[in-house]
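Keeping their order, the protein sequence lines are chains B and U.
For the first sequence, our numbering gives the first residue as 1, with consecutive numbering after it.
For the second sequence, our numbering gives the first residue as 1001, with consecutive numbering after it.
Please keep in mind that the hints were generated in silico from the structure rather than gathered at the bench.
Derived DMTMM-like pairs (lysine to aspartate or glutamate); straight-line CA-CA distance at most 20 Å:
no. : chain 1 : residue 1 : chain 2 : residue 2
1   : U       : K1283     : B       : E47
2   : U       : K1272     : B       : E55
3   : U       : K1156     : B       : D35
4   : U       : K1242     : B       : D58
5   : U       : K1272     : B       : D35
6   : B       : K28       : U       : E1035
7   : U       : K1281     : B       : D58
8   : B       : K9        : U       : E1035
9   : U       : K1281     : B       : E57
10  : U       : K1156     : B       : E33
11  : U       : K1191     : B       : E57
12  : U       : K1281     : B       : E47
13  : U       : K1340     : U       : E1174
14  : B       : K67       : B       : E48
15  : U       : K1283     : B       : E55
16  : U       : K1281     : U       : D1261
17  : U       : K1283     : B       : D51
18  : B       : K9        : U       : E1034
19  : B       : K66       : B       : E18
20  : U       : K1272     : B       : E47
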Amino acid sequence: MNNIDKYNKAFIDVFAVEESVLNDNFSKETISEWDSVHQLNVITILEELFDIMLEPEDIMEFNSYKKGKEIIKKYYIEF
Amino acid sequence: MARWIIKNVRMTGVTACVPDNIMETNEFDFFTEEEADVFNNTVGIKKRYVAPEDICASDFCFVAGDKLLNELGWERNSIDMLLFESVTGDYRTPPTSCILQDRLSLPESCFTMDIPMGCCGYMYAITVAGNMMSSGSVKRAILLVGDTAIRMGSMKDKSRAPLFGDCGSAIALEYDVLANDIIVEFSTLGKGYQALMTPHGGYRNPITPNSFEYEDFGNGIIRAPIHALINGMNVFSFAISKPPRTIERFMEEYELNKDSDIDYYLIHQANKMIVDRIVKKLKIDRQKVPYNLEEFGNTGGASIPSLMVTRLRNVLMTKETSLLMSSFGLGLTWGTMYMKTQPLVVLNLMKI
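Can you make the complete structure from the sequences, with help from the hints?
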């Protein structure tokens, strides 16, 4: 599994969506199910998949598919 | 720095009491079966004990305290201090500790005090009582720590209602010159107070008809200003950053080796995500970190005593045990405590 597949898998598992709906508009503002539990769940899965540990401020700012990708890149993960 | 080395004070016993009424996650109206499963697996709280409306935190604490005093064989007249730690006291006035002094038949010479400090309550109570006992003028204290936190909030608030459970606990402390030191440190982040609060009902915002008007905040959060609220992300961010940093520094400064000097880490059972993350951050042995949140949820100040009763009873009753404890919550406040217990009186969990 490459990195983008890993990244998408977290969203697919947590939000029970098809990969095709994942794009830069997928965010806290546009997805009604996106609450703190979903957000933390995505982060937990990503941390496992990439073997990283996000800083608290990154966890707080992880509020969209797009922003999440930028945050993960800070941990030397390339997409 | 708010740090104390409390000398000459020994914990002698601990008990806990919960309502005889379990509520499972899938019983909340706002969860679908699927959502309840996700909640159980991620937040980790599968059930919680819920008190009926006519039973207060003081009632659970009374049972816990009464049974503990009997088991210790302490004459009621020998108790010099009673502290009641709770944010869900019987009345706004008088202090519930005074009422409990009478209910427990403690002498008029008993010092009483209420301490409303939330999830760090157990540590606050030990810190206050321990420091007052250290000189030897006060020999015996009973600390009653508990909350009925569920009813503080709205049962239509998906972000809060499933997190909490109701519980009361009792801890006995005794003056003993041979006791091991209790080391404790507290910190406060007052600027974060809005992350956990009850907006109406105090003197800043007294109760009016508006206090009971429900508002839909989206994402399954429906509550009125009279209800306690939680800003989940802010609390999470606080809980995974401040407490573990303090624990690391605390252990370093007291030269406590995380493997050889600590038998158990008792971490406030806020939710599985937070506790798991603290464990991971500190790189501590998971076997040394008992959990009971799957059965009890977050029981506020009684969280750590309930862990002792339900997960460590046999060990605590028979062995000297080194405990490193971490609490965090309302305020925002957080505390770290190190204690090496001698064999304790620990009763089985009681239910009423």
